[in-house]
Amino acid sequence: MSLTVAEIMDRQPATVTPEDTVETVVHRMHEHQLPGLPVVDADGRLLGIVTESDLLLYDEQEDLDPPPHLEIMGGIIYLGSVKHWEERVRKSIAGSAGELMTADPVTATPEMTAHDAGRLIAAHKHNRLPVVDGQGALVGVVTRVDVLEALLEDR
Numbered sequence: 427m428s429l430t431v432a433e434i435m436d437r438q439p440a441t442v443t444p445e446d447t448v449e450t451v452v453h454r455m456h457e458h459q460l461p462g463l464p465v466v467d468a469d470g471r472l473l474g475i476v477t478e479s480d481l482l483l484y485d486e487q488e489d490l491d492p493p494p495h496l497e498i499m500g501g502i503i504y505l506g507s508v509k510h511w512e513e514r515v516r517k518s519i520a521g522s523a524g525e526l527m528t529a530d531p532v533t534a535t536p537e538m539t540a541h542d543a544g545r546l547i548a549a550h551k552h553n554r555l556p557v558v559d560g561q562g563a564l565v566g567v568v569t570r571v572d573v574l575e576a577l578l579e580d581r
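Residue numbers (my numbering): 427 to 581.
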């Protein structure tokens, strides 16, 4: 019988609020030795996640040149997607966790099996997933290590 996410998750994960400063995010990540933190509102609902990658984008202000483009008759035509560039610009000027976070992150549910959580973690190349209930409230965090230990225990 496969263990559920509820049985293996950390039920009291460190979090930040959207109003917390970038400095607070860095301090909390360092304090808890975590590569990312869920961002929650006053009611505990998950809004997003801030990761080390987000912080690296925040620090890369010198590389904000727009993507290749053509200027024709006063207009600009981008040669490819500008989504990544827009994200880099947004994160480079962020002053708070809410501005820096990745909204709508991949999540797990407490009822999900450890095996299914592992598939989700692998498919999205994440190390950890926030766990939310049916109302979107953060109820925990499950990690790759949690899943691997559960899979070994199931054998």
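No lab work stands behind these hints, which were simulated from the structure alone.
Quantities reported herein were computed from a predicted structural model and do not represent experimental measurements.
Please note that the accuracy of each hint is not assured.
Distance windows between CB atoms, simulated [stated by the list, open to error]:
| id | residue 1 | residue 2 | range |
| --- | --- | --- | --- |
| 1 | Ile502 | Leu574 | 45 to 53 Å |
| 2 | Arg545 | Gly501 | 38 to 46 Å |
| 3 | Asp469 | Val571 | 12 to 20 Å |
Where is the CB? At the ideal position from N, CA and C, for every residue including glycine.
For this session: Output the numbers, in ascending order, of every earlier hint that fails for this structure.
Result: Per hint list: single violation, 3.
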